[in-house]
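These protein sequence lines map, in sequence, to chains X and W.
Going letter by letter, the first sequence gives residues 290 to 403 in our numbering.
Going letter by letter, the second sequence gives residues 269 to 381 in our numbering.
Here are the simulated lysine-lysine pairs, BS3-like style, with alpha carbons at most 25 Å apart:
1) W/339 with X/390
2) W/325 with X/390
3) W/277 with W/325
4) W/325 with X/292
Stretch by stretch, here's where chain X covers chain W in the computed footprint (C-beta under 8 Å, at least three residues):
5) 304-316
6) 346-360
In short, the hints are calculated from the structure, not lab data.
Ideal Cβ placement from N, Cα and C applies to all residues, glycine included.
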Amino acid sequence: AQKITQTQPGMFVQEKEAVTLDCTYDTSDQSYGLFWYKQPSSGEMIFLIYQGSYDEQNATEGRYSLNFQKARKSANLVISASQLGDSAMYFCATVTGGGNKLTFGTGTQLKVEL
Amino acid sequence: NAGVTQTPKFRVLKTGQSMTLLCAQDMNHEYMYWYRQDPGMGLRLIHYSVGEGTTAKGEVPDGYNVSRLKKQNFLLGLESAAPSQTSVYFCASSSGGAYETQYFGPGTRLLVL
Numbered sequence: 290a291q292k293i294t295q296t297q298p299g300m301f302v303q304e305k306e307a308v309t310l311d312c313t314y315d316t317s318d319q320s321y322g323l324f325w326y327k328q329p330s331s332g333e334m335i336f337l338i339y340q341g342s343y344d345e346q347n348a349t350e351g352r353y354s355l356n357f358q359k360a361r362k363s364a365n366l367v368i369s370a371s372q373l374g375d376s377a378m379y380f381c382a383t384v385t386g387g388g389n390k391l392t393f394g395t396g397t398q399l400k401v402e403l
Numbered sequence: 269n270a271g272v273t274q275t276p277k278f279r280v281l282k283t284g285q286s287m288t289l290l291c292a293q294d295m296n297h298e299y300m301y302w303y304r305q306d307p308g309m310g311l312r313l314i315h316y317s318v319g320e321g322t323t324a325k326g327e328v329p330d331g332y333n334v335s336r337l338k339k340q341n342f343l344l345g346l347e348s349a350a351p352s353q354t355s356v357y358f359c360a361s362s363s364g365g366a367y368e369t370q371y372f373g374p375g376t377r378l379l380v381l
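For reference, chain X alone in the conformation it holds in the complex (with noise of 0.2 Å):
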């Protein structure tokens, strides 16, 4: 079975500076894709960014970035440029083989600071 990793239940930053949030998965498969998502405290899941486990570069999206390191199964999210509203819980997420089922981690709140 699929294992999604999220070893820091939460983090703080300051406002403007960037942040690293950890993400380590558990697959046997040679093809998996990787997600995050945000959720506020208003309930909603927001996605940001995927990366594939064929992609060679690293996933941007704006502010969001994903630090692939395949050979050590983790897939962190960085956020530059820390802002008040991007504190929320923050979930990783993975889909492998099939591809009909995610599985997600249990989260990191994210809590931004002046």
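Given the structure of chain X, go ahead and fit chain W onto it with the hints provided.
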């Protein structure tokens, strides 16, 4: 454009009661999913559908049933609610399988007493 909507937003049930949660999407997506989210845990997949008239079990299907009679709607039923089903329920849809971005509804908060 409404995206994914869920009805109701909040519900309180007594143990043993039944209810149906409705998910609707207006993006013409083939795939639809039901998840539950509990404190300290990520989202867990309950059931999913790969197209109208199809359903399949996810990670935690026990105590739930689903139906996809119309492409735009995905219903989640609790036949006999239990306190362990107290949770926040999210519906999602995508144009393809789980390699495609899933778009989530706002969630339904369910409390079973």
